[in-house]
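Visitor: All chains, please: the whole structure from these sequences, using the hints.
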Amino acid sequence: MKPTRKTAAALAAALLALTAAGCGGDDAKPGAADQAIADSPATTASTASTASTASTASTPADAKPDTSGEGAVLPISTDLKKKPSVPKPSGTAPKELVVKDIVVGKGAEAKTGSEITVKYVGVSYSTGKQFDASWDNGQDFPFALGTGAVIPGWDEGLVGMKVGGRRELVIPAEKAYGAAGSPPAIGPNETLVFIVDLVKA
Numbered sequence: 001m002k003p004t005r006k007t008a009a010a011l012a013a014a015l016l017a018l019t020a021a022g023c024g025g026d027d028a029k030p031g032a033a034d035q036a037i038a039d040s041p042a043t044t045a046s047t048a049s050t051a052s053t054a055s056t057a058s059t060p061a062d063a064k065p066d067t068s069g070e071g072a073v074l075p076i077s078t079d080l081k082k083k084p085s086v087p088k089p090s091g092t093a094p095k096e097l098v099v100k101d102i103v104v105g106k107g108a109e110a111k112t113g114s115e116i117t118v119k120y121v122g123v124s125y126s127t128g129k130q131f132d133a134s135w136d137n138g139q140d141f142p143f144a145l146g147t148g149a150v151i152p153g154w155d156e157g158l159v160g161m162k163v164g165g166r167r168e169l170v171i172p173a174e175k176a177y178g179a180a181g182s183p184p185a186i187g188p189n190e191t192l193v194f195i196v197d198l199v200k201a
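Here the sequence shown is numbered in full-length UniProt numbering, starting from 1 and rising by one per residue.
For the record, the hints were derived by calculation from the structure and aren't laboratory data. Warning: the hint list may mix true and false statements.
List time: in silico DSBU-like cross-link candidates among lysine-lysine, alpha-carbon distance up to 35 Å [what the hints assert, rightly or not]: (1) Lys83 with Lys111; (2) Lys200 with Lys119; (3) Lys119 with Lys106; (4) Lys162 with Lys88; (5) Lys95 with Lys111; (6) Lys129 with Lys162; (7) Lys129 with Lys106; (8) Lys129 with Lys88; (9) Lys111 with Lys88; (10) Lys111 with Lys82; (11) Lys162 with Lys83; (12) Lys119 with Lys83; (13) Lys106 with Lys88; (14) Lys129 with Lys200.
What follows is a set of in silico ranges between Cβ atoms, one per label pair, in the way DEER data are often shown [to be verified]: (15) Ala179 with Asp79: 35 to 41 Å; (16) Pro188 with Lys106: 37 to 43 Å; (17) Gly164 with Gln139: 15 to 21 Å.
Note that the structure is predicted; figures quoted are calculated from it, not measured. The beta-carbon is built from N, C-alpha and C at its ideal position, and this holds for glycine as well.
Guide: Spelled out as structure tokens, the structure:
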């Protein structure tokens, strides 16, 4: 779905309502709502960071994502021409951000502050149900990495990825939508799994 001013205004109003209700500090940057895409959970970082301010306060600023692959061992296709199928995860959801490269790219590297473009599929860890996929609307998703335009799990987990790569991210709630979730698609305290293909960096 393409961004619209109406959608951006609705998102901004919802964010102000959450802030007024005492859900945490307003981390939104001017114009951040303009980057929102309707029904794209990865793009509503302002709501996510507001909802999870308390839980992320104790996380060290220099904390690194787990790149060992533990907790991210799903059998994912390496065919970058097709939407990947994501099976329901099993076992206990990891408590830290987990990053696993399915395909290692050979192109330009995604760096903090750079404009990147991705394709993605997102599923809930607890149910295995898809809640969003750029593949379904046929549009790649552009954004500025590391600027708060997306959920923290993306800002941290996509750094260092190279164009032509496919990466799996298992994102705990505190780096996604926290205790509030993103109803109705994402429940409270839900761990998320994203399969992300880097198209441009």
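Visitor: All hints, please: hold or fail.
Guide: Verification of the hints:
1. Lys83 with Lys111: holds (25 Å)
2. Lys200 with Lys119: Distance ~10 Å between Lys200 and Lys119 Cα, so the pair holds.
3. Lys119 with Lys106: It holds: about 17 Å lies between the C-alpha atoms, which stays within 35 Å.
4. Lys162 with Lys88: holds (26 Å)
5. Lys95 with Lys111: holds (25 Å)
6. Lys129 with Lys162: holds (27 Å)
7. Lys129 with Lys106: Holds - the C-alpha atoms of Lys106 and Lys129 are around 31 Å apart, at most 35 Å.
8. Lys129 with Lys88: holds (7 Å)
9. Lys111 with Lys88: Holds, at about 30 Å.
10. Lys111 with Lys82: holds (26 Å)
11. Lys162 with Lys83: holds (19 Å)
12. Lys119 with Lys83: holds (9 Å)
13. Lys106 with Lys88: Since the Cα atoms of Lys106 and Lys88 sit roughly 29 Å apart, the hinted pair holds (cutoff 35 Å).
14. Lys129 with Lys200: Roughly 27 Å separates the two Cα atoms, so the pair holds.
15. Ala179 with Asp79: 35 to 41 Å: Given about 37 Å between the Cβ atoms, the range holds.
16. Pro188 with Lys106: 37 to 43 Å: Roughly 40 Å apart at Cβ, these two residues keep to the hinted range, so it holds.
17. Gly164 with Gln139: 15 to 21 Å: holds (19 Å)
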